[in-house]
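Can you join these two chains into the complex? Each is in its own frame, and there are hints to help.
These protein sequence lines map, in sequence, to chains R and W.
Residue numbers for the first sequence, in the numbering used here: 1 to 364.
Residue numbers for the second sequence, in the numbering used here: 1 to 329.
One thing to keep in mind: the hints can contain errors.
[Stated by the list, open to error] Below, a list of computed lysine-lysine pairs in the DSS-like style, where the Cα atoms sit at most 27 Å apart:
(1) K188(W) - K317(R)
(2) K274(R) - K264(W)
(3) K148(W) - K68(W)
(4) K20(R) - K353(R)
(5) K329(R) - K317(R)
(6) K253(W) - K180(R)
(7) K317(R) - K222(W)
(8) K115(W) - K180(R)
(9) K312(W) - K158(W)
(10) K271(W) - K180(R)
(11) K222(W) - K45(R)
(12) K271(W) - K317(R)
(13) K68(W) - K329(R)
(14) K194(W) - K317(R)
(15) K253(W) - K298(W)
(16) K312(W) - K274(R)
(17) K253(W) - K317(R)
(18) K271(W) - K45(R)
Calculated directly from the structure, the hints in this document are not laboratory data.
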Amino acid sequence: MNPTSKSNTAGSIITAMFRKQIFIPLAALLILAVFNFIMDPSFFKVTFGHNSNGDPILSGNIISIIDYGSELAILAIGMTLVTAASRGQDISVGAAIAIGGSVVLRVLCGTNSRPDEIQAPIIVAFLVCCLVTMACGAFNGILVSVFKIQPMVATLILFTAGRSIAAWINNNELPEVRDKTFSYFGGLIPGIPIPTPFFIAIACFILIFLVLKFTTLGLYVQSVGINEQTSRLNGLNPAFIKFITYVILGLCVAVAGLIKVSRLRTINYSVVAKDIEMDAILAVALGGNALGGGKFNISASILGAYVIQFLTTTLYKFQVQSDALPAYKAVVVIALVVLSAPIVREKIASLFKRIRPERAELKT
Amino acid sequence: MKMKKVLAMAASMVLCGAVFASCGSEGGSSNESKKGDKLITVGIINNDPNESGYRTANVNDLKATFTKENGYDAKFSYSLKNEEQINFAQKYIQDEVDYLLLSAADTAGWDSVLKDAKDAGVRVILFDRTIDADESLYEASVVSDMDKEGEQAVEWLKNQNLTSYDIVHLQGVMGSAAQEGRSGALTKTAAELKWNIVAEQTAEWSSEKAQQIVQSVIDADKKFNVIYAENDDMAKGAVAALDKANISHGVGKDVVVIGFDCNKWALEELKAGNWNYDGQCNPFQSSYIVDIIDKLEKGETLPQKTIIMDEKGFDATTITDADVEQYGI
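Just chain W, with the same shape it has in the complex (with noise of 0.2 Å):
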């Protein structure tokens, strides 16, 4: 029995010992080019890249930027939770990079954080998403704007000039920015142009509940001409849904598709003309931030302090491989 014991304690101080390990590693723990060379350091906190699509681009992205190439020592940490994220913050702090670069798994709880970077000198810049913090506590953020991407897909709706707007409208997990911003758009134009919702619930971004939620509309023999998916697995789940009901879909067919986020399996999707519209969720914020920096080391100041970026929209009809090249993630 004490054998046992003996075994199971050093079972987990094997185990504390793995995790502890890990942490180290993603911490990164290059101290060696503090000051004294010409690189720029910077501190990278962002969300896991397993979280989706959009952010594996964005860690690719980002990390393809900041290379000591161009000029960058950077150490990078991800992680979801809030508590976590800070930690990593404090330790960047006590390594005195130049620049933190910051995508908050929360909004709340950054303040105390970041008070102690602006003390020791590390400037804050804010990417993809925005914290409840007060703005003289960093120096820029780079986000998205949802609502814009949400009134984007709807004002191209609009201009397609349907005879009638019968529309499934499958939303990502309720109360997400994503979520917000897309169905906000939807349910204010589609009240004052009075279009018909014919089904509005949430998916939660899964392709197979998409899917199930359609199937039952189907089954229910309720008619429907637009599929407003708020990201690209929604959408695909949907389009099984036709698929298996033989109802066509697609530029000039029975159902017209949109999606969002832009993968590329999305895109291409568009390219053979199965789904009519992907809007752009922007994840490639590393040249914006670069611009930011620049400046800052000239020591100019920075016109504005939240700076939105350019997000697109792609039509079936008008896209092109160079398109799906560029802009699928």
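Isolated chain R, as found in the complex (with noise of 0.2 Å):
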């Protein structure tokens, strides 16, 4: 073992560390942190105190990412999964978020919009808000799979109708749910300091991972995102395949649904959710996910969403200025993007080897 083949060896991990699909997600979160520690290190602070509950309560940036950043998380799985098998995004999902919410809002409140007892258990209403964004992927899955329309128009349709179907299914009223146990989902429940989303978020990537470690689920869905044609000639169902990761898309939303309205405990429609299909793509994308379909990493998608909350946490801690809040987070969101496209990662990974071209040759 002599020095050169040692750092040869490092050499090569640092460019095989380059070709790592999670290693976009992780260096950019590695950014966004050293840049704050560096501008002002009490980012990082987390205190522990009451809320006006007295119950026990952790806060802090830190605490508030993992917070605000799980529905997002939890979106990014089921995106994820449509990207490849389906090769296009479902721009629905804010809408489908706003359908899902109403509808528990609907069961627990019955008929008045605000009783001051909830008229049926939480779980009976989140099963139903389950049924309900299933359907709504399952209407997606069918216009994509059996009709073969493109995603971004198949999902158009609800994306443009959700929130007044969202609104419908309420009467249009704003209901708002006074039983406090309703709010553990989106706040905390009493004597567990950290925020229940983070652990709801948790359980749903634990889930994914069994699913994806003890069924075929991953391989088939990447093989039709690669070639459908093939799959099918191997003996797959390239079109119920498709379906199936619209509904699983559509349980996900049924859970960031629960999460959104439990946090103030009612809705609004018009901005509930706003914009978060684009989020969500845009997690896949920093996820180095190719948007085009195929090979996936839903642990990179998760970072990625994170990621995106990471950024939105700094740019209202630096007190970015109203009217230039999005130019900043374009700016940052393209130079990530840009860094995690697959090309620039080959470029990078082949300059490390010209660097050292005497090594690499040693190699061989």
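Listed below in structure tokens is the structure:
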């Protein structure tokens, strides 16, 4: 073992790292973290206190990120699968969240929009919500898989109509749930100082990893995304696999919708989860997944979702001027997306090789 | 393969059909009571009722006023898109309605269709929103004065004589009339009286974004004693963040909370003393419009073209249950 070969392995590790898909969101997270650390180390401060109900609570920017980023991370799971299998994105998730949230409130409130007590158990409301959002997903899925409509066009229908449907479910009233237990899902469970959405998100991650590990779903989705014809010849049913990814996304939407309405125990049809579809697609892209379908990496997408929330919280923290906020976000996003493009990653990797040509030769 | 194409075709035809059908019913197709009977025909073009609580209240108010019992034959159409609204207007002009009531989605692009209306003898009354067109093209416009709403709220805040003013300012969608009016008043007075603006951010009317912004201000250990939120939803989000951090708010507490729009639930918060002030954005234009129509029917001339509605501001210490019922939307 001479020193040259040692650094040679280090070099190849760096090269390999650049090729790893999860490298980009990790690097982005690191850059944001370092930037915040240099600008103001107090960004990472977490304090322990009590809220106005006297329950213990941790607060700080990091807690905000894992709290508010959770819905997006949950959506990113479904969006990654949809992207991989159908080579397109579902742009109706924001509207579907409005529908799902509206259904939850409708079931809980019954006919009176502000009852003093909830009219049905929360679990029932959630199950109904799951059914409805999975039906929305199935609707999109059928349009995409059976009628072979471009995913973005197919989901445009629900994107346009969804929020009106959501308002119609509750007769355009603004229901409010007074029961405190309903706020546990988007807030805190008394006694546990970490926001519940984070735990819900973790549960979803574990579930999807188990599914991918113990079923062939991941493999099938990937093969359908790479080449539909070949998959068919190998005995898969591409239409069904695409369909099922949309239904899974529907399930993710139900969970995200429950968290969203639980946060303030009410809903505003026109702004709830506004533009979240774009953030979800961005999370998939930041994760280094090809938006044209095929291979995918769900953990990278999840990390991508938290990167987006990290960026949002950073911009709030530094009080970027309101009119300039979208521009700042756009600049960072463009930089990240360009960096995560496979072509750029290959270039950087080969650049590293060229810097140490003699070692590359040694290796061969 | 061919079968599938045919199927797709059929499906899209059905969809198109459905869209047309729904447009038709929205446009209101009753032509029966044109002239002859005494009903005044009115075509009302408004924004989508789902847009906000304000719009819902606005639509309900118009629907309750322009009824057959009150002597009107009214048709309603809703769209958030200017082109669609113009199409509705053309249809109403063809139907020869007596009055065209318009809350335009966009300020531009209305000249030619309003000229057509004038030629056809259809009288146009604008409500809620003004447009960039010559004044001679419409009879009157009934609007809110967003600047005044802001000024009233800021005036109220000034009269609270707080020992210091450290303000968190939550803005609406940048560039909207409500945001400009409500921000303008605060920015101006804050500069004059050297009020300290601790944070100024757009939460885009969203309660959740407002909550995140206020959370980040609290996490940064910045001291503040006023939340100036440009609508009720954002005030609600801000209050949720305060509750999380155990900061007291409302009458006689640490933080003064100001909201706008007078949603019913917001006025209830006010009544309970959890908030301090709520500024009205009056959605009840119909009584003003009825007034104008009455005058025009009698052949009188209107004293002025632009009518600015009365708008109130409610203080938590003086608001009554009757106010909550009457003005809550």
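Evaluation of the provided hints:
The suggested pairing of K188(W) with K317(R) holds, with an alpha-carbon distance near 25 Å, which does not exceed 27 Å. Between K274(R) and K264(W) the alpha-carbon distance is near 24 Å, which keeps this suggested pair within the 27 Å criterion. For the hint linking K148(W) to K68(W), the alpha-carbon distance of about 35 Å lies beyond 27 Å, and the restraint is violated. Between K20(R) and K353(R) the CA atoms are separated by roughly 16 Å; this keeps the pair inside 27 Å, and the hint holds.
With a C-alpha separation of about 14 Å, the suggested pair K329(R) and K317(R) falls inside the 27 Å cut-off, and the hint holds. Note on K253(W) and K180(R): the hinted pairing holds, with a Cα-Cα distance of about 23 Å set against a maximum of 27 Å. Only pairs whose Cα atoms come within 27 Å are accepted, and K317(R) paired with K222(W) is accepted, the gap being roughly 11 Å. For the proposed pair K115(W) and K180(R), the alpha carbon gap of about 57 Å is over 27 Å, so the pair is violated.
Of the pairs offered as hints, the one joining K312(W) and K158(W) holds, with about 17 Å between alpha carbons and a cut-off of 27 Å not exceeded. A threshold of 27 Å between alpha carbons decides the hint, and for K271(W) with K180(R) the separation of about 21 Å falls inside it, so the pair holds. Only pairs whose Cα atoms come within 27 Å are accepted, and K222(W) paired with K45(R) is accepted, the gap being roughly 14 Å. For the proposed pair K271(W) and K317(R), the alpha carbon gap of about 33 Å is over 27 Å, so the pair is violated.
Annotation: proposed proximity of K68(W) to K329(R) is violated, straight-line Cα distance about 53 Å (limit 27 Å). Only pairs whose Cα atoms come within 27 Å are accepted, and K194(W) paired with K317(R) is accepted, the gap being roughly 23 Å. Of the supplied pair hints, the one linking K253(W) and K298(W) is violated, its CA atoms being roughly 55 Å apart against a limit of 27 Å. A threshold of 27 Å between alpha carbons decides the hint, and for K312(W) with K274(R) the separation of about 31 Å lies outside it, so the pair is violated.
Restraint check: the Cα-Cα separation between K253(W) and K317(R) comes to about 26 Å, which is no more than 27 Å; the hinted pair holds. Of the pairs offered as hints, the one joining K271(W) and K45(R) is violated, with about 37 Å between alpha carbons and a cut-off of 27 Å exceeded.
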